[in-house]
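Here is what each chain is made of, one letter per residue.
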Amino acid sequence: MAYSYQLKRVDFIFKNENNWEKVLATTIKKKPEEIINELISSELKGRGGAGFPTGLKWKLTAEAKAKNKYVICNADEGEPGTFKDREILSRVPYKVLTAMAVCGYVTGAKEGYIYLRGEYKFLEEELNKAIEEFHYYCQETNLDFKVKIFMGSGAYICGEETALMESMEGRRGEPRNKPPFPTQAGYMDGPTVINNVETLVHTFTIFEYGAKKFYDLGVQYSRGTKLFSVSGDTPKPGIYELELGMSLQDFVYEFGDGDTKAVQVGGASGFLVPRKKFNDTAIGYQGKLVGISLPTGGSMMLFNSSRSMFNVLDNYLEFFREESCGQCTPCRVGCQQLLLGIKAVKRGEKPASYLEKLLRLTETMQYTAKCGLGQSVANSFSSIVENFREEMIY
Amino acid sequence: MAKNINITINGYPVDVKKGKTILEAAEEQGVRIPTLCYHKDLCVAGNCRVCVVEVVGQKRLSAACATPCEDGMEILTNSLKVRNSRKHIIELLLSEHNADCTKCYRNGSCELQELASEYKIMTQDFLELAPMKNYTIDMFSPSIMKDDSKCIRCQRCVRTCSELQGVNALTVAYKGDKMKIATFFEKPMNDVVCTNCGQCVNHCPTGALVEKNYIEEVWEAIADPTKHVVVQTAPAVRVGLGEELGMKPGERVTGKMAAALKRLGFNSVLDTDFTADLTIVEEGNELLTRLKKALVDKDPDVKLPMATSCSPGWIKYIEHLYPEYLDNLSTCKSPQQMFGALAKTYYAKARNLDPENIVSVSIMPCTAKKFEANRPEMHDSGYRDVDYVLTTRELAILIKQAGLDFEKLAPAKFDRLMGESTGAGVIFGATGGVMEAALRTAYELVTGRDVPFDNLNIMPVRGLEGVRKATIKIEKPLKEWSFLDGVELKCAVAHGLVNAKKVMDAVKAGEADFHFIEIMACPGGCLGGGGQPIPTNPEIRRKRTEAIYAEDGDLPLRKSHENPEIQKLYKDFLIEPLGEKSHHLLHTKYTKRKHY
Amino acid sequence: MDPVQSLVKGLADKYGRTRESLLPVMQGVVQQEKYLSEYSMVEIAREMDIPASDVYGTATFYSFLETQPAGKFIIRVCKTITCAMKGKNQILFSIQDMLKIKVGETTPDNRFTLLETNCLGWCHKAPAMLINDEVYTDLTPEKIREILSGYIKKSI
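Protein chains in written order, with our numbering: chain A, 1 to 394; chain B, 1 to 596; chain C, 1 to 156.
Read the hints as simulated data drawn from the structure, not as lab findings. Model, not experiment: these values are computed from the prediction.
Label pairs and their calculated CB-CB ranges:
#1 Glu146/C to Tyr209/A: 44 to 54 angstroms
#2 Gly258/A to Ile137/B: 51 to 61 angstroms
#3 Lys212/A to Gln29/B: 51 to 61 angstroms
#4 Met122/B to Tyr394/A: 22 to 32 angstroms
#5 Thr137/C to Pro323/B: 53 to 63 angstroms
#6 Tyr394/A to Ile137/B: 32 to 42 angstroms
#7 Thr107/C to Glu140/A: 48 to 58 angstroms
#8 Glu105/C to Met132/B: 20 to 30 angstroms
#9 Met132/B to Glu363/A: 17 to 27 angstroms
C-beta atoms are modelled at their ideal positions from N, C-alpha and C, and glycine is treated no differently.
Same shape as in the complex, but just chain A (with noise of 0.2 angstroms):
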């Protein structure tokens, strides 16, 4: 086979922990204009999946009056096949601190939080223990940042931020409406900085390494590196640091077991990708690089051809039927009604073209619902069904 293959492994990100003291010193020597200069012209996006600019975001918060302003570590990992975060924060727990010490420097903030999911709270101990390190520096440098954990407690929409930040005031984890912004009105109130674990240890390698280094890596629209969490069928399940930008082929050449049906990208709320389109898929932002480009939270989920696509979708939507929040109409009943509909059409009591009406339902619920979670249970429902269709059916 002529393939040229084209994957790039790099890292950054678990390495050189020890520097942290050295470059929060140098980059709080800064001015915050030119530290949030150096984010925009990095071009790095939230790690989270939903990849707003994290310049822009930082840029926001310092420039809104307040009082109290907040930056947020969400660590409320739940996207089903991620798990970078829960590394970055064992591994490399300095490097967030000192990232969220750096936003706090520039936007004026006070206070941290990392919002910890509950699953993860074999974590905490050691983490504390860091944060009082880290205390003690700030102290010791007159750097008035503090940060605490919030502990989550099992509801995968409080990744969502605003949920995240309704649960860290005591409340039910439900989307806020928005506008306003976290940038303006978030935690509290308070102009709000909220980054995903991931997103802050990049700009650690942004402060460390200069903008240039990061922008040089990946490709237009998709800059710098990512984590990727591997897991499904593959022989080497686990977490790697890859230049964005590359197709889909040159991943499953890596990682597939040789018998590589279709690729989850983007965990339960991202697409499906069959083998046929493998090779006309870029994993980045934006942008027409190879075909169709994807934006993902880093969760690659390999699928060889022993897997029924019904039950992963069954799977999918059993997931997001309980974690919706339940407020808003399109995604409670719309996640209840793509699940049994499926369901009643592989049994045979709905004909076919009862999938037609599910598509045009998740359309529905991609235009309507209130938060991304709802939004995006379209993505995996109609990329599996569109490209298994034949899997569905009685």
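With chain A's structure known, arrange chains B and C on it following the hints.
Relative to the frame of chain A, chains B and C by itself:
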């Protein structure tokens, strides 16, 4: 001043104030966008999503209720994409809903049904989820029924209970497909802090929360030849009933209502306003007695401020949440219960009837009154004082069932003995009304002169502000009240239990030195009661308020103690205010209830 | 003060009595009591001056805040896609077989409660489960027997 921005709605350019939502901007232009979770009384939730509209250039649709207009926005409220999405959402709601409409209490007045009809949802393509759910129906409360199978989870009731009432009996529990509206630990409504105010019923778009109705029981009583059925009508009913029968908000229908009640077959059509006047005489005297004991005798057992006790929602609220202040409540029964106790004693005797055969029905703007009539202590006549309580809405159902063309009815008068009232009795229906009526009487009792306000209208206690305060200086009192000379009588008025909380917290913190406080559980007072026509909103409350004060202004007598029937009642039966008979029939005690 | 009252008071003293402290306080009660009983929720409501219904509504939102009586060790087996693919059902069978309870049940001695849960974030080492806060990965029926035996010994 907020500056104007330019947008277009369905292609027509529009000037709107910055900060307005798309929904508000469209409404101003006469473009109605359907809503379900939106209510003018409540904060914006944006969860039902039926109000989605298309903003040109955006892939996703926006919830009109929750999206502020931005300069240059091109809004489409009825594009194909909007229509299709909206239809889907209605279909989804219907799939989760027990849509057996013909068997529903809200059949014909349901917002979901209306939308389904408007969008001509003729088929149910989606799977029916309702039969798969373990929906429960709570029928334990004498006031309110909660049927989860009709619930569309718009959370209007939850926001009402929390934002308007500060009671928080209802909450949202669970998530995902199991998300539901629940009480604490899913106990029955009558086993939690619920005050039975019925604001949740009034704000519910569907039949998930309705009053417990006693329509058949009343028809049966009327049809029973051995029974003498008396009916009393609360002041606020006459300014609301018309709305249920095709008339505009704020229309006064006192005469038509009396005429209708007669045609329904009630043996005697009487007026709660009469006992409202009686309440004022008793309560006014109670206030003055308390003032004397507190200010002259320095009696430590006498509690001030004295609080009004006519609103049963407020009574249950204080019993649950501020039980240490029960002694501050006036011991006077509410006008409904005074009427009930007198109907089966004074009235029975005067009309030479066996009280056993009297069925006492009341028409109330209120669902808490159903609970109140059901209280075990409300048997002072030797019988259950009030047998059935119907809301304004239930009365309208009776009138419709009887086939009466309400608007064409010639006005009639109330029957006599307990049918005469004054303007002071009428204003009980509005927030501040009890206070104003009490002051008209008490001031005159103390000074021998009219209360010093133009045309007896005590404007400082009127209005729709949540908490209002007023001070009246007593000058040149009669000799026996000389201890009140120069005393500034401090009053507070609150409506909506969230405002009651403000007053009570101030009292508790020792920050308030009021003598007399009036509290009504419902926003606007009884005219905004949980049993009033749906919808009730700020605009409608304002119109009903105007109607109440107009009714007062038009009456020849406007002070309770001048009511000739009241004077006769004391002469023939009660002997004197706060006397022994009064004590037995017209006063009551309160029960401490659990806080959580 | 009974144990629940002093537990709640202690937690409120530690975390504060504003609404933002509700989750930490409830988590503290669950840590100690394994679940939030009606009584403990009333105590939380009283101590923090939050409506009891809100405590209930918030508690029921979060999967890890149990409102049903639960055993000393709560086993949560991940049921999301990778774990489901990699033999979650066999794991469940072996646990059920060993403890003689079904999903959602608690052993009569109140030592173990068996639950399923959504993605635990160990997809590369599926199947995975939590026992209280402890993670176990790459599970096999043999491993289950070993792990559970340890717990059974531990709890005697």
